[in-house]
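Model the full structure from these sequences, guided by the hints.
These protein sequence lines are chains Z and E, in that order. Numbering follows this note's numbering, with no gaps: position 247 of the first sequence is 247. Each position in the second sequence, counted from 1, maps to that position plus 447 in this note's numbering.
Simulated from the structure, these hints should not be mistaken for laboratory data. You may find that some hints are simply not true.
Computed list of lysine to any residue pairs in SDA-like fashion (alpha-carbon distance at most 25 Å, straight line) [what the hints assert, rightly or not]:
(1) E:Lys701 / E:Asn924
(2) E:Lys639 / Z:Arg197
(3) Z:Lys203 / E:Leu471
(4) E:Lys843 / E:Val804
(5) Z:Lys196 / E:His483
(6) E:Lys584 / Z:Gly399
(7) E:Lys888 / E:Gln737
(8) Z:Lys215 / E:Gly816
(9) Z:Lys203 / E:Asn503
(10) E:Lys861 / E:Asp899
(11) Z:Lys203 / E:Glu615
(12) Z:Lys325 / Z:Arg428
(13) Z:Lys387 / E:Ser578
(14) Z:Lys203 / E:Lys535
(15) Z:Lys389 / E:Ala538
(16) Z:Lys203 / E:Val804
(17) E:Lys535 / Z:Gly384
(18) Z:Lys210 / E:Asp821
(19) E:Lys586 / Z:Asn358
(20) Z:Lys210 / E:Leu516
(21) E:Lys541 / Z:Met404
(22) E:Lys541 / E:Pro511
(23) Z:Lys203 / E:Pro464
(24) Z:Lys203 / E:Asn924
(25) Z:Lys56 / Z:Arg23
(26) Z:Lys56 / Z:Pro6
(27) E:Lys661 / E:Gly638
(28) Z:Lys215 / E:Val488
(29) E:Lys584 / Z:Gly384
(30) E:Lys584 / Z:Lys215
(31) Z:Lys389 / E:Lys535
(32) E:Lys883 / E:Glu740
(33) Z:Lys203 / E:Pro511
One side only, chain E facing chain Z, incomplete, derived with CB under 10 Å [said to hold, decoys possible]:
(34) Ile494
(35) Ile537
(36) Ala542
(37) Phe580
(38) Glu582
(39) Ser600
(40) Ile604
Cβ atoms here follow ideal geometry from the backbone N, Cα and C, with glycine treated the same way.
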Amino acid sequence: MPMTGPVLTRRIPTFPYGNPRDRRTVWYDDYVKSGGYEALRRSIALEPAAVVDMVKDSSLRGRGGAGFPCGLKWTFLPKNYEGQRYLAVNADESEPGTFKDRLILDYDPHMLLEGIAISCFACRIQTAYIYIRGEYHHQARILERAIAEAYGQGIFGGRGILNGACDFKVDCYLHRGAGAYICGEETGLLESLEGKRGWPRIKPPFPAVKGLFGKPTIINNVETLCCVPFIIEHGVEWFKSLGCASKIGGPPSFGTKLMGVSGHVQRPGVYECDLGIPLRRLVEEYCGGMRGGKRYKAAIAGGVSMGVLGTDQFDAEMDFDIGRKYEVLGLGTACPTIFDEDTDMVMVARNIARFFKNESCGQCTPCREGSGWMYKLLCRMERGEAKLKDIDLLLELAGSMGAMPGTTICGLADGNNWAVRTIVNKFRSEFEARCSPSFVPVTVGVA
Amino acid sequence: MARITINGKPCEFTGAPSILEVALANGLEIPHYCWHEGLSVVASCRICLAEVWAPNPRSGELEPIPRLLPTCQTPCGDGQVVRTDSPKAIANQKAVMEYLLINHPLDCPICDQAGECYLQDYSYEYGRGESRFEEAKIKQPKKDVGPHIYLYSDRCIMCSRCVRFTREVTGTAELCVVGRGSSEQIDLFPGKALDNELSGNVADICPVGALLDKDFLFTQRVWLLTKTPSIDGLTASGDNISIEHNQGRIYRVKPRRNLSVNKWWISDEVRYGWKFIHSDQRLTEPRRLQYGEQVGTNFSAAYDEIDERLAAAREAGAKVAALVSPMLSCEEAYLMARWVRAACGEQSRPIIGVGPVPVNGEDRTFPPGASPADRNAFTIRAEKAPNARGVRRVLKGLNGTEAFEFAKWLEAIKDAEVVLLTGNYPSEWVTKDLAKALSRKCIFLIDTLPNDLTGKANVLLPGATWAEKSGTFENANGLLQAFEQAIPPVEGSRSEGQIFADLLARRAASTNGHGAPRYNAAAVREEMAASLGLMEFIRDVQAPAAGSFIESDMELVEL
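Structure follows, in structure tokens:
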């Protein structure tokens, strides 16, 4: 059953259910009036384990990019552990083309805070840190005000959740990043929270065992946590009626998803759709079609690190199976960037490589050196000064780095690798057109 | 015992050591840059990656782990098979070597590290021979980071060993990483300089030529150096060092790994404290007082005068005192005390004391807050003499009672007429009290550097520093460690051991006519054990590990 009305955007007017011009930040009073914090009230009447079970049963998958099952992640916390635990909320939304969390932070901050309170209650976490991207100045101010409201209304701190309706006390703090993409990587985020350089940590130990300040820590994306109140409020079956099951026998993609569309479309913006919506429908129905009536050429699946969908992949379903079905890394943040027929794919590749070169934290050799090399190589290619053999070198470099082949600690290099590799593989003729042939000197022996 | 097979060699292990540690312990080489035994694991250089096959817990069959694993971080698992020589692992080694070199200036001909550089060694062993990098290299600055260290950022491979050293060992955290991606570099924390008591170690742990010792810079190519294992001769720590020298000149001192003493480090004091050995102030000629003025002489004439003076004193029943410097080795202390006792005869016992033991402040343990017993703790000793305990041990073994400490000895020598002193301190050691106490006495002095007494001594003999002789020091923890002679004594001087061996031989010669033997520390240790029952000198003395003496790589070829 597809969604019949807005879920995450219930209080945020969004096409086709409302007019974005009517958006305004929903503060505590309006939030409560529209049914807010009701899910929290219901949760604390349950056993914490029952809340975890509901999230687990709903098959809610992480909305931050990897799509890891949220309930399963929660169960990784050590059992019968009485000490301090942390929740780190990943609001370091800095993937190019991704701006879905910003919508929530801008207009419905209490939805996030309610999700945090429920998750903390369910996982017996006493302290939550919201790590917000440094560039989100305005959103940080909104969150600060919302957190202050929540403290004032007894959601956090004080005698316990909801003014002591439950004797479990949760504290929530906002921490602003300093503008590094890598701090959106979960362990890089933890390092940054601890006040260190945002270098991703080697795993194991995993954060659920030894995370922030060496204590068990859960790291969840903003949107993931925002889904939790709805699962509590409407039930697991309702949540599973949204979205779609896997068509290739993998784990399902239930629920709705905020999809931020950018690029060459008529109406770029964030839309809420069922997971599994074909990209073509998203562009044509929600975004008003391609800009200027141009033809679709390619799309970044969900943030630049996921790679691109080719010209023949316009009908790709936007669910967590997209990676296996369409030769991209994954759904990512489900915020596609659409390119029309006039786009120079070499330039796209160069631009993406530039981003990764700048954002590589510099810890692992292959990513640190390889990202710079790839960028320089692509610049040369764009100028038309490269040889054909350089395309193969580019593919070799891309293939040599990443956490998937095991040559780097975190997945940043995988993003670089997949972005460049998918662009070259799917649009190789454009690259070849820019390169001159490589001549192999052949000497003929003269007797 | 659990077993793991690394590159075809079965290795046994207990606990959960990393694959790299087990490989190294079994004599297998796995290339590594960022991993250092004494520092935390970051697994960031990525050259140690291996392909691993692990047994399936249910069926027990070996199954490949799809991704390469860093051997420095991955704990060994029973039954695993590890290969760093599989096509995938080799491809990664080649890729990492190529990556490390794309922004490296390749200025080996003018780089101090050349010859002991891991980039060179691993390039040769694991690299690809030629680079496919055609773009412009990133140029990084050279930086003067502290009193002892230069940082050539352009050669840096960002292994972050130095950063971890300043955080985890010294606790001073002067170094940090700034910037991102390939323009990242090591830099000083704003407003700080790399100025701590262990700063020289960062040049040792740097696997490439990025951190350089200012003192050693451009003075010698490393393949010309002979490395002799030695023991710190300046403080009571007994740090294991390697004296690196060429043609009788020391060029640098480096730490030798010894987990029970100095771990992997030495203090800057020990590293740079050897300079006085090559001071042009060194005493190089025996001198004697003639009509109130010192004149040059030779050793045998000086020995004659000493023997005559002592014989006269014995005739007259005058008291003789001797001061054994804590800078001397145990063997030398033994020979000295034995000779003085023999020279004084049976009737009159000499007053033997231990020379002043300089102390500077208090012992300091790194990292701050660590206990000296911690596995990675490093202690700088306040006691600035290498062998006060060893000298006391020997004198007690010889006399049966504790020797006089310096202050007591000063009181005890009031009516002594002949005083034999040994110095060998790297700086001025003669106190006003001592100078006063010695006025109008007959002084025999063996020393290395000029001081208040060298001009007044009736007989002055030039001694040799610890680098110029072999012996045994007992450190502050009571550990006896033997060291070998690195360089010959400076022209004209003789080691104290040799001087007393000569004097003893002269006494013996008057009875059986044998000449002076060459001073041999090992033989003296055996003699101490045999004659004094100090069995520790054959049982407990730690000798340098095999292979720590390294001849120069240089081969002279006749053309």
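For each hint, the structure was consulted:
no. : hint                : verdict
1   : E:Lys701 / E:Asn924 : 21 Å, holds
2   : E:Lys639 / Z:Arg197 : 18 Å, holds
3   : Z:Lys203 / E:Leu471 : 23 Å, holds
4   : E:Lys843 / E:Val804 : 17 Å, holds
5   : Z:Lys196 / E:His483 : 21 Å, holds
6   : E:Lys584 / Z:Gly399 : 22 Å, holds
7   : E:Lys888 / E:Gln737 : 15 Å, holds
8   : Z:Lys215 / E:Gly816 : 23 Å, holds
9   : Z:Lys203 / E:Asn503 : 21 Å, holds
10  : E:Lys861 / E:Asp899 : 19 Å, holds
11  : Z:Lys203 / E:Glu615 : 20 Å, holds
12  : Z:Lys325 / Z:Arg428 : 20 Å, holds
13  : Z:Lys387 / E:Ser578 : 16 Å, holds
14  : Z:Lys203 / E:Lys535 : 22 Å, holds
15  : Z:Lys389 / E:Ala538 : 19 Å, holds
16  : Z:Lys203 / E:Val804 : 51 Å, violated
17  : E:Lys535 / Z:Gly384 : 33 Å, violated
18  : Z:Lys210 / E:Asp821 : 24 Å, holds
19  : E:Lys586 / Z:Asn358 : 16 Å, holds
20  : Z:Lys210 / E:Leu516 : 21 Å, holds
21  : E:Lys541 / Z:Met404 : 18 Å, holds
22  : E:Lys541 / E:Pro511 : 22 Å, holds
23  : Z:Lys203 / E:Pro464 : 16 Å, holds
24  : Z:Lys203 / E:Asn924 : 40 Å, violated
25  : Z:Lys56 / Z:Arg23   : 32 Å, violated
26  : Z:Lys56 / Z:Pro6    : 23 Å, holds
27  : E:Lys661 / E:Gly638 : 21 Å, holds
28  : Z:Lys215 / E:Val488 : 19 Å, holds
29  : E:Lys584 / Z:Gly384 : 20 Å, holds
30  : E:Lys584 / Z:Lys215 : 42 Å, violated
31  : Z:Lys389 / E:Lys535 : 22 Å, holds
32  : E:Lys883 / E:Glu740 : 19 Å, holds
33  : Z:Lys203 / E:Pro511 : 19 Å, holds
34  : Ile494              : 7 Å, holds
35  : Ile537              : 12 Å, violated
36  : Ala542              : 4 Å, holds
37  : Phe580              : 6 Å, holds
38  : Glu582              : 4 Å, holds
39  : Ser600              : 13 Å, violated
40  : Ile604              : 7 Å, holds
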